[in-house]
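Take these sequences, add in the hints, and give me the full structure.
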Amino acid sequence: MVPLSWYLILAAALFCIGLYGVLARRNAIAVLMGVELMMNAVIINLVAFWRYIQPTLINGQVFAVVVFAVAAAEASVGLALIISIYRRRNSVVAEDMNLLKW
Amino acid sequence: MRIEYVWLIPLPPLLSFFIIWLFTNRSKTLSHTVAIVSMAISWVLSVITFLFALTIEHFGQEVFELSVPWLPTGDTALNMGVLVDPLTAAMLFFVPLTCLLIFIYSVGYQNYGKQLDPHDAVGSPPHNGVEPMYSRFFAFLSLFAFGMLLLVVADNLLLLFVGWEIMGLCSYLLIGFWYGRNYADPNQITPRQAAVKAFMTTRVGDVAMMLGIVYLYFQTGTLSFREILYNEEVLLQLAETPSYLAGLSVAGLVGLLLFAGAVGKSAQFPLHVWLPDAMEGPTPVSAMIHAATMVSAGVYAMVRMFPLLSAGWHHGGELTAPMMAMGFIGSFTALFAATIAVAQKDVKKVLAYSTISQLGYMIAALGIGAYVAAAFHLITHAFFKALLFLGSGSVIHGVEHGMHHAPGAHEHLDPQDMFNMGGLRRKMPVTFWTFLIGGFALAGFPFITAGFWSKDEILADAFASQQIVFWVLVLSALLTAFYTMRQISLTFLGEPRTHSAEHASETTWTMTTPLVILAFFALFAGFVGVPESFPGLGEFLHNLGNFNRFHEFVGGTLLEHPEAVEFNIFPLVASIVASLGGLTLGWLVYGLNPLKQGQADPLAAPLGPIYTLLERKYFFDELYDYVFVRPAKWISEVLTYRIMDKIIIDGFLHGVARAAVVVGNFFKDELEKKTIDNPPIYLANAIQWVGKSFRVIQTGRVQNYLLIGMLVVLAFSGVYYLMLAGVLK
Amino acid sequence: MDISQIIFLIVAAVTIISAALVVTSRHLVHAALWLIVTLFSVAVLFVLLEAGFLAVVQVVLYIGAIAVLILIAMMLTRKAMSDEPAQANSQWQISLVVAAAAFIGLAGLLNANAWPGLTTVDLSGSLTQLGMALVRPDEFVLPFEVASVLLIIALVGAIAVAGEKK
Numbered sequence: 006m007v008p009l010s011w012y013l014i015l016a017a018a019l020f021c022i023g024l025y026g027v028l029a030r031r032n033a034i035a036v037l038m039g040v041e042l043m044m045n046a047v048i049i050n051l052v053a054f055w056r057y058i059q060p061t062l063i064n065g066q067v068f069a070v071v072v073f074a075v076a077a078a079e080a081s082v083g084l085a086l087i088i089s090i091y092r093r094r095n096s097v098v099a100e101d102m103n104l105l106k107w
Numbered sequence: 031m032r033i034e035y036v037w038l039i040p041l042p043p044l045l046s047f048f049i050i051w052l053f054t055n056r057s058k059t060l061s062h063t064v065a066i067v068s069m070a071i072s073w074v075l076s077v078i079t080f081l082f083a084l085t086i087e088h089f090g091q092e093v094f095e096l097s098v099p100w101l102p103t104g105d106t107a108l109n110m111g112v113l114v115d116p117l118t119a120a121m122l123f124f125v126p127l128t129c130l131l132i133f134i135y136s137v138g139y140q141n142y143g144k145q146l147d148p149h150d151a152v153g154s155p156p157h158n159g160v161e162p163m164y165s166r167f168f169a170f171l172s173l174f175a176f177g178m179l180l181l182v183v184a185d186n187l188l189l190l191f192v193g194w195e196i197m198g199l200c201s202y203l204l205i206g207f208w209y210g211r212n213y214a215d216p217n218q219i220t221p222r223q224a225a226v227k228a229f230m231t232t233r234v235g236d237v238a239m240m241l242g243i244v245y246l247y248f249q250t251g252t253l254s255f256r257e258i259l260y261n262e263e264v265l266l267q268l269a270e271t272p273s274y275l276a277g278l279s280v281a282g283l284v285g286l287l288l289f290a291g292a293v294g295k296s297a298q299f300p301l302h303v304w305l306p307d308a309m310e311g312p313t314p315v316s317a318m319i320h321a322a323t324m325v326s327a328g329v330y331a332m333v334r335m336f337p338l339l340s341a342g343w344h345h346g347g348e349l350t351a352p353m354m355a356m357g358f359i360g361s362f363t364a365l366f367a368a369t370i371a372v373a374q375k376d377v378k379k380v381l382a383y384s385t386i387s388q389l390g391y392m393i394a395a396l397g398i399g400a401y402v403a404a405a406f407h408l409i410t411h412a413f414f415k416a417l418l419f420l421g422s423g424s425v426i427h428g429v430e431h432g433m434h435h436a437p438g439a440h441e442h443l444d445p446q447d448m449f450n451m452g453g454l455r456r457k458m459p460v461t462f463w464t465f466l467i468g469g470f471a472l473a474g475f476p477f478i479t480a481g482f483w484s485k486d487e488i489l490a491d492a493f494a495s496q497q498i499v500f501w502v503l504v505l506s507a508l509l510t511a512f513y514t515m516r517q518i519s520l521t522f523l524g525e526p527r528t529h530s531a532e533h534a535s536e537t538t539w540t541m542t543t544p545l546v547i548l549a550f551f552a553l554f555a556g557f558v559g560v561p562e563s564f565p566g567l568g569e570f571l572h573n574l575g576n577f578n579r580f581h582e583f584v585g586g587t588l589l590e591h592p593e594a595v596e597f598n599i600f601p602l603v604a605s606i607v608a609s610l611g612g613l614t615l616g617w618l619v620y621g622l623n624p625l626k627q628g629q630a631d632p633l634a635a636p637l638g639p640i641y642t643l644l645e646r647k648y649f650f651d652e653l654y655d656y657v658f659v660r661p662a663k664w665i666s667e668v669l670t671y672r673i674m675d676k677i678i679i680d681g682f683l684h685g686v687a688r689a690a691v692v693v694g695n696f697f698k699d700e701l702e703k704k705t706i707d708n709p710p711i712y713l714a715n716a717i718q719w720v721g722k723s724f725r726v727i728q729t730g731r732v733q734n735y736l737l738i739g740m741l742v743v744l745a746f747s748g749v750y751y752l753m754l755a756g757v758l759k
Numbered sequence: 408m409d410i411s412q413i414i415f416l417i418v419a420a421v422t423i424i425s426a427a428l429v430v431t432s433r434h435l436v437h438a439a440l441w442l443i444v445t446l447f448s449v450a451v452l453f454v455l456l457e458a459g460f461l462a463v464v465q466v467v468l469y470i471g472a473i474a475v476l477i478l479i480a481m482m483l484t485r486k487a488m489s490d491e492p493a494q495a496n497s498q499w500q501i502s503l504v505v506a507a508a509a510f511i512g513l514a515g516l517l518n519a520n521a522w523p524g525l526t527t528v529d530l531s532g533s534l535t536q537l538g539m540a541l542v543r544p545d546e547f548v549l550p551f552e553v554a555s556v557l558l559i560i561a562l563v564g565a566i567a568v569a570g571e572k573k
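Residue numbers (our numbering), protein chains in the order written: chain X, 6 to 107; chain B, 31 to 759; chain U, 408 to 573.
In case anyone wonders, no lab produced these hints; they're calculated from the structure. Glycine included, C-beta positions come from ideal geometry on N, C-alpha and C. A couple of the hints might just be wrong.
Using C-beta positions, here's what the derived DEER-type ranges look like [stated by the list, open to error]:
1) B/754 / U/555: 39 to 45 Å
2) X/59 / U/504: 36 to 42 Å
3) X/8 / U/497: 37 to 43 Å
To be clear about the criterion: a stretch of chain X counts as covered by chain B if any three or more of its residues have a C-beta under 8 Å from a C-beta of chain B, and this derived list gives those stretches [claimed, not checked]:
4) 22-32
5) 99-106
List of simulated lysine-lysine pairs, DSS-like, C-alpha gap at most 27 Å [to be verified]:
6) B/663 / B/676
7) B/722 / B/704
8) U/486 / U/572
9) X/106 / U/486
10) B/375 / B/626
11) B/676 / X/106
In structure tokens, the structure reads:
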């Protein structure tokens, strides 16, 4: 019997690792990979909650399916943006994208 | 009562002044018509008043007076009113008459009827054309007549003083009538300077008079003649109250102050210096103002105030202080002026000094208490002096006429210098005979001239009271006759000394008619004053309808009717000797061998330096210049203007201004810059620094923003958790 | 400790370790490959949670589409075989601290709660149930349709952003 809290802690750990990846990686694609990790953590949470609290109700899974769709859409758009930026600036280093600087 | 219109007497000339000034200025005919008509109206009214006054018995007690409140002073008021008593009536007889005659004379004198000469500048005397400022002249003459008449009918000292000052103003305006006239010689006084001199000198007297009036008002609370002078108790009280000056009673001090005013106005020593220089004015002005009326206003004021001046004196007793002053100054002036007149060249200057001398007679007469004699001489003098001045004007006109009509080049000489005349008796007969009559009247030719009777009465009074005054007056009578004959000889006798004199001719009827009328009065006006005690003639006239009641009539003005002096042969003889002797001496020196052209004055050589002293008027003008005029100019120019105004006051102001600038700069630099200007700058700098410091988080990098966001979230959630846990409230 | 717990621990360990390697790999391609391993282990987790369909979706979608997309993007944005510098940026220390703090906070919170236990349910018909839920008008057809619209938008948007500009 795996307690729910284990799943949740696992999801939290995955989320924080993904957070570190977002904050600390130089390459923009690496940042996106961190974002994917965060999304996965969210889905794990959702599914775990579905299984442990209301397995009979299918709403949990539907939520997870929608999140999948959103994750996919966001990943594709993000990568498209990175490609566009690369074309313009010939670099994918996140630190170099500082046009918003004062 | 028919006498109620008396207050109308001064008004027509005033009206004429305004009409001429405002409306008829451009028309010469209208101006002189207005002036003469108004003067005639005044004269007619005066004559009616005079005749009416003659019919009233004891007029002195039943005088006519009319008074209205004028200036309110607390509970009481200063009044404005008229008073006709015997003295006023006598004045009203001759003043309007002489003024009217002079007005008519001025028409001819100012060359009415001739064309305006384009060479004549406005402000300078005309050469041959009509006077450009013709209307202005008549306007001023009218204003002057108003002033004189006001003075004569006034019933209080204040109104008298008003008339006094109006005449002072007109004297200034008329002496300086030819304001544009300048002379090449800087020492010769111009009309403008003479006008200022006249005004300033009489001002000295006027100030003293004002003080006297104020002091009198302070002591009695009134200025009305009737209340002060006809009132036994008031006079006695004034005579006994001591005044501010030790030894003088109030009456004495007031009297001396008022007398000082008369000294200025009547040109007595030491304020005589303005009258000879006033001859710069046109001759009618000299005749009217400086012979007949204004200068006699001073004497009239003294005659009027005689009860005050003599308060505490009774006939035969000790003289009061004002009377002593008058006696001394009057007799001194009479002699002093007569000596100067002997050495003068200008025909008008001789007459000016003669006027001063005769006024001295009148003052001296008052000084010894001869009230009626002074009034009598005042009236006769007005007639013959006006006659003499008008005659001299006629002579000057004749010589000028000769100057313009002499063949060949026009001579440029002084038409007033007697040494340029001569032989005019044949050229200008009317002028000659009238002038002769006037001159004899002045000299006091026995029995037939008015001057004799009036002068004789003064001498008789003087002999009876103060002998020294008598001898001084006799000596000056001698000199008077001498210089009169000198003047007549130089002007009319002998042969003409210059071309101008040769071609002189008689003047117009407007000028000669007044001469004739005045000559009539100069001869016959004296008979009204023949004393009753005079052997033969006195009684004869008395029986002829009381013809010679002058003494009785005018004497009624006083409270106590003055006694007539008993007849004494000695003064009579002395006066005859002085007059005839003087005339003979003059004729011997000047008339027997009339001077030829270029010949010097026969007196000059024998008298030598004395002659120069006399001719230069004892150097009084120079003395006054050094003692008074230069210091006054110094005070005004240097002391007040340069030192006080510029250095002290302006310097102080500039100093204050500079100090203000220094203080302002100090405030600006020290205080304002440091406390007010800088703090906003510091504030702005601080804000800028804060902004700069905060800018660093705007890196433009997404990961930085995320990091900061995460940090804040952690912080908030930590705080929230702690609050929930109860650790933090 | 029963068998399910052990299995869970092993899968959890694989997931965590491979995730850590994703964010710390020096080579980007290695990171992508480790990402694939992580996604696989997550799919295994889904199986453990008796959500079989989601496990398959995870594999097909995430690994088959997204991870491949990431690799393609990597290839498209490679510079010409240059040296790869360090992959951590300037703020990696603070990020580490922040991530650790976040994990500690979350874990602490999660442990403090009492969670419900597992209930044994028959989940054989869950797939049918899911299918029906997604298309029934009174259930979740609308979110389903909106999600499909979102995908179309994302598709169009990606083409618009990344397309070659003429």
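Hint-by-hint comparison with the structure:
One distance hint, 39 to 45 Å for the beta-carbon pair residue 754 of chain B and residue 555 of chain U, holds here, with the actual separation near 41 Å. Taking 36 to 42 Å as the suggested C-beta distance range, the pair residue 59 of chain X and residue 504 of chain U conforms, at roughly 37 Å. Distance hint check: the CB atoms of residue 8 of chain X and residue 497 of chain U are about 40 Å apart, consistent with the given range 37 to 43 Å. For a cut-off of 8 Å, the count of residues in the stretch 22-32 of chain X with a CB near a CB of chain B stands at 4, and the three-residue condition holds.
For the stretch 99-106 of chain X, the stated coverage by chain B holds: 7 residues have a C-beta nearer than 8 Å to a C-beta of that chain, and at least 3 were required. At most 27 Å may separate the alpha-carbon atoms for a hinted pair to count; residue 663 of chain B and residue 676 of chain B meet this at roughly 17 Å. For the suggested pair residue 722 of chain B and residue 704 of chain B, the alpha carbons sit about 26 Å apart, so the restraint of at most 27 Å is met. At roughly 21 Å between alpha-carbon atoms, residue 486 of chain U and residue 572 of chain U fall within 27 Å of each other, so this suggested pair holds.
Between the alpha carbons of residue 106 of chain X and residue 486 of chain U the distance comes to roughly 25 Å, so the proposed pair stays at or under 27 Å and holds. For the hint linking residue 375 of chain B to residue 626 of chain B, the alpha-carbon distance of about 15 Å falls within 27 Å, and the restraint holds. The straight-line distance between the Cα atoms of residue 676 of chain B and residue 106 of chain X is roughly 73 Å, outside the 27 Å bound, and the hint therefore fails.
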